[in-house]
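Order-wise, the sequence lines are chains G and H.
By the numbering used here, the letter at position 167 of the first sequence is numbered 167, and the numbering carries on one by one without gaps.
By the numbering used here, the letter at position 184 of the second sequence is numbered 184, and the numbering carries on one by one without gaps.
Simulated from the structure, these hints should not be mistaken for laboratory data.
Wrong hints could be hidden among the right ones.
Said to hold, decoys possible - Here's a subset of chain H near chain G, in silico, CB distances under 8 angstroms, partners left out:
(1) V104
(2) V122
(3) F127
None of these values were measured; they are calculated from a predicted model.
We put the beta carbon where it would ideally sit given N, CA and C, even for glycine.
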Amino acid sequence: MGEILEFLVEPLRYSFMLRGLLGGLLTSLSCAVLSAFVVWRGMSFMGEAISHSVLPGIVLSYVLGINLFWGALAASLLVVVGISLISSYGLVGEQTAIGVVFVGFFAFGILLLSKVASASDLSHILFGNVLGVSKEDLIIMGLVASVVIAGISLSYKEVLTASFDPAHAAAIGLSPHLVRNIILVLLALTTVSAIQTVGVVLVLALLITPGAAASQISRRPGRIILFSVVIASFAIVVGFYVSYYANLASGPSIVIVLTIIFVLSAIGSRIRRGRIA
Amino acid sequence: MSNRGFSYGGSCDLTIENVRTVLSFKGVSHCYEQSGEETLSDIWLNISSGERVALVGPNGAGKSTLFKLILGLEKLERGEIRVFGHPVARCLHRVAVVPQSSTVDWHFPISVREVVMMGRYVHLGWFRSPGAVDREAVESAMESMGICDLADRRVGELSGGERQRVMLARTLAHDADLMLLDEPLNHVDLHTQEMIFHTLEALSAKDKTVIVSTHDLGVLVVHFTRALFLDRKIIADGPPKEVLTPQTIARAYGFEFHKDYQPWEKSSNS
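Extracted from the complex, chain G is given alone in its bound form:
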């Protein structure tokens, strides 16, 4: 018993490790709450677009010496607005607009990065570094998690209605566009705050996999959100210890744990359904 406790407590003796774990948990909270909606509404590609296109914002904040959060937030909001404008003018479909805008931003970010940053910075931005979480980052992550939880709880019935039946939403005077924009802003905030933990490339895993796995386990919106939170936090904790003891990168460790959970839950759901039928 004492050995297990020692095993769990040892990494947390370092304050930067403790901050890393706390940051990861806060991030997983906001990601998991949104995850269910990203999965149900088929917004995975939008999530990917936001996460990748923040890169130039991150590099610019690095150059300016400000918190990466602000640059990333500015870039992500720019991308969301850009995509909405392009697709609402009917120039191209939304999926195409997402593709064009996000690859453009990502490429621009890589160009900037190659000029200003070193290889180790590069890997931290792309793949995350739990251990680099500062006190300021923690505050921002806490704020983002509160905004996301408050936003979804306050507009829960509206988000459900507009996602399930946009025509009904419009008919009762509830604009589906407004609901969509609320989700997009929350998504942008969450993505940006998650980049510190899992990085630009892997943040998508925290946004999609918990919701996808939870949808295999339960069939009710409320419970799916709850299970998403449990799954994401569990993956953060397990990934954190694995990366500490096996000396592996934290971001990919977390994502691999998430992926394993998804595979197990999918298999479990197949077996359960097989029995019922």
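With chain G's structure known, arrange chain H on it following the hints.
Quick look at chain H alone, frame taken from chain G:
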């Protein structure tokens, strides 16, 4: 569209002018923005409370557009539409719609009871949770559509007929005075069809007004008090028995029915 936002959850404090006329169209025309093609041309129409109106016409006749215009979902360029004497944005909570089932995301993990509860949201608006009154309305709506035993099932698991009953229960929970049903008879079994008509008749007995768009000519005479044949303009309007002639059908659908097949003829000539 700009004047629509405030009506979500707002209540109607307007005096009901001329209460017999539930819905009025005055010279309404509509073109699609992209093609510029005219979908509705110079529609004049008055519908009174308690009427059961069948809106009949081929695909592309403008039936769905007419519904969207009533709800304010399409921009009205020419003419005037009044619901209970007012612009619809000011009394949305008195108008309910059963949309075509193709506009709904049936994969969404949501239970029957939750869907029916959506009919109450128009009265609640932002930041208000359903109360005892809303839960009662939902239970009694599910009871009248015979779906209480399905309440906790996921809507995606239901058959076409059951889904349509859920959508109608949502409309009942809304407790509107004017109900618009867009093609509710598509993919529906006979039992559900009878249930839908039974419910509509009960509603119109309570002075509620119902407009149903349909292709199904067979149901007109028995179940509706008025038939409105539409093909961009109103081709015929009146009691089904009088309106349902081979000539009208030919004008609406652009073809002649076979002479030996006129089940309506007996009733219309007698």
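Should the interface hint for F127(H) be scored as holding, given a Cβ-Cβ cut-off of 8 angstroms against chain G? It holds, given that the least Cβ distance between F127(H) and chain G is near 6 angstroms, below 8 angstroms.
Restraint satisfaction for V104(H) [CB to CB of chain G, less than 8 angstroms]: Given a least distance of 5 angstroms, the restraint on V104(H) holds.
Does the CB of V122(H) sit less than 8 angstroms away from some CB of chain G? This hint holds: V122(H) lies near chain G, its Cβ roughly 4 angstroms from the closest one there, short of 8 angstroms.
Taken one by one, the earlier hints all hold for this structure without exception.
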